[in-house]
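Note that the protein sequences, when read in sequence, are chains L and D.
The first sequence: position 244 = 244 (my numbering), numbered continuously.
The second sequence: position 184 = 184 (my numbering), numbered continuously.
Any given hint might turn out to be false.
[Unchecked claim] Cβ-Cβ distance ranges computed for the label pairs, FRET-style:
| id | chain 1 | residue 1 | chain 2 | residue 2 | range |
| --- | --- | --- | --- | --- | --- |
| 1 | L | ILE166 | D | TRP206 | 29 to 35 Å |
| 2 | D | ILE280 | L | LEU130 | 47 to 53 Å |
| 3 | L | LEU106 | D | ASP157 | 33 to 39 Å |
| 4 | L | ALA216 | D | ALA21 | 36 to 42 Å |
| 5 | L | PHE48 | D | ARG210 | 43 to 49 Å |
[To be verified] SDA-like cross-link-like pairs, simulated, lysine to any residue; straight-line CA separation at most 25 Å:
| id | chain 1 | residue 1 | chain 2 | residue 2 |
| --- | --- | --- | --- | --- |
| 6 | D | LYS199 | D | ILE284 |
| 7 | D | LYS192 | L | LEU13 |
| 8 | D | LYS199 | D | LEU187 |
| 9 | D | LYS199 | L | PHE33 |
| 10 | L | LYS230 | D | ASP106 |
| 11 | L | LYS230 | L | PHE33 |
None of these hints come from the bench; they were simulated from the model.
Yeah, the Cβ is synthetic: ideal placement off N, Cα and C, and Gly gets one too.
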Amino acid sequence: MSTRRPRWELTLLAYLAAGIMFFPIFWLFLTGFKSEAEAMAIPPRLFFSPTLESLYEAVTRSDYGRHFLNSIISALGSTLLALLLAVPAAYAMAFYPTPRTPGTLLWMISTKMMPPVGVIIPVYLIFRDLRWLDNVWALALIYAVMNLPVVVWTLYAYFREVPHEIMEAARVDGASTAQEMLRVLLPVSGPAIASAALLSIILAWNESFWSLNLTAAQASPLSVYVASFKTAEGLFWAKMSAASMIAILPVIVMGWLAQRQLVRGLTFGAIK
Amino acid sequence: MTQTQALVRSKTYRLRPNTAALLAPAILLLVVFTQIPFVLTLYYSFRRFNLLNPERQGFVGLENFHSHLTDPIFWTAVQNTLVLVGSVLVITVLMGLALAVLFYQDFPGRGLARTLAISPFFVMPVVSALIWKNMLMHPVYGLFAWLAQRLGQEPIDWLAAYPMQSIVLMVSWQWTPFAMLLILTGLQSLSKEQLEAAKIDGANAWQEFRYIIVPHLAQTLSVVVMLETIFLLTIFAEIYASTSGGPGLATTTLPYLIYLKAFGEYRIGVAAAGAVFAVILANIVAIFVLRLIGRNLQGGRT
């Protein structure tokens, strides 16, 4: 951390920059607390009597709960599945590296560099034949695959820092591999599991390419629901804002908590 | 081999878990959902395959690729993709650099200011498209229109008059925090001694920035550029929710074109050929990132 005190102009500039970057979000939140008439008012109102009316209307729409639930299922379900697959994989690579380990890890990371358009057509056709289209669990499965490399990498980087001695001690005491992972490794890996999970939830929650193409009325998460406002020309800005606000607020808060992990997770250790 | 060595050996051997079995589920899933589908995409790209007429299938050689290469729409989409990625890269790297230098300084409330500044990265792309399209850029009720009027200008219908610039602005807003965070991480590994030494040697702020900070950041910046390129090449939701690729083809990028061919026109073969182009484009960059990551993997603990 720098210890130097900047000139006050630079501090002011930093505040200003932060304000400008945050402004569109602030404006969305503000609009979410307006009535429809105030949302469209000209000149735009900074001060108004806030109302929960739009928020209430947005949330109580019959389908809002379903989309919200789909977002929860696809984000949490995919994260759980990714962790379930990634913990053993990262454990194996971190504690028992072979000459092939760097290659395997790199290959996993390379799958994250595959543009979704490169694979969506066959996946769509297969899902159609399996009747998995518009199925929230199928979407969760896709998200798990999408986030698996990031989760594996985050866990791997952390596991490599765990002293091998404590694992060896457990092994000498006759612990099985599963016991070793569950009873020794996981209890000391809380921060890594948490940051991998946070990152995976954020990425899954905000994803919209797969959800727009693989889901319809039943399984679509909030990203698809919010996208349906794209044709609502002006008439429902307050409700749109209120619905969007609930859709982005949890993830923004998680993002604030996950700033550091984000850098590590998304760069795969390319920046130290 | 002494007895103890043999014992240790057999013991470690016995104690070594079956790593292949531990890795298999993760590898299997990645193969099933990324490698096999891509092979199928390749396969479709050489076939005539239209979902509206699925019986009429067959090998057509390079015809799908040829139809793209001779179609001006394809070249427009490629050009739009490159313009979008290139412009966003330049803007986000410059803005990210400026913001990182600002937030590198120590000032009261820095944590809060930095947290506010990175927030756009966590906004769902669909939502950010709606915020910009409706509440900021709308020609009648948008904030920009009101500002223009206050300044005595005619309000502009941004997405109609400057569609690509508007998308670039929107996407840059989202990705500047990513660049900033990465650059800030790079900056924090800069040694204080070096900066102090430069100051003692009489370097001013600009010289310090130009001759110490920028060279130090060279690797960080190359990572930012490469990773952003890979992610930006897949931009879809922002365009889908704001302009739908229009007006005309003004904001139709390669992913959006493939989407239109596959899910709008049901031309699977042609869309698959487009997807193959998209993968090649992404791989050109990915090779360099992977090489860099691979080098870091070999070199000690990360």
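Comparing the hints with the structure gives:
1. L:ILE166 <-> D:TRP206: 29 to 35 Å: Check failed, 51 Å falls outside 29 to 35 Å.
2. D:ILE280 <-> L:LEU130: 47 to 53 Å: violated, 29 Å
3. L:LEU106 <-> D:ASP157: 33 to 39 Å: violated, 47 Å
4. L:ALA216 <-> D:ALA21: 36 to 42 Å: Once the Cβ atoms are compared, 38 Å apart, the range 36 to 42 Å for ALA21 (chain D) and ALA216 (chain L) holds.
5. L:PHE48 <-> D:ARG210: 43 to 49 Å: Holds, at about 48 Å.
6. D:LYS199 <-> D:ILE284: Not satisfied, since the Cα-Cα distance of roughly 41 Å exceeds 25 Å.
7. D:LYS192 <-> L:LEU13: holds, 23 Å
8. D:LYS199 <-> D:LEU187: holds, 17 Å
9. D:LYS199 <-> L:PHE33: Violated, at about 51 Å.
10. L:LYS230 <-> D:ASP106: Judged against 25 Å, a Cα distance of about 42 Å means the pair is violated.
11. L:LYS230 <-> L:PHE33: Distance of about 20 Å is within 25 Å: holds.
The structure fails to meet hints 1, 2, 3, 6, 9, 10 from the earlier list, while all remaining hints are met.
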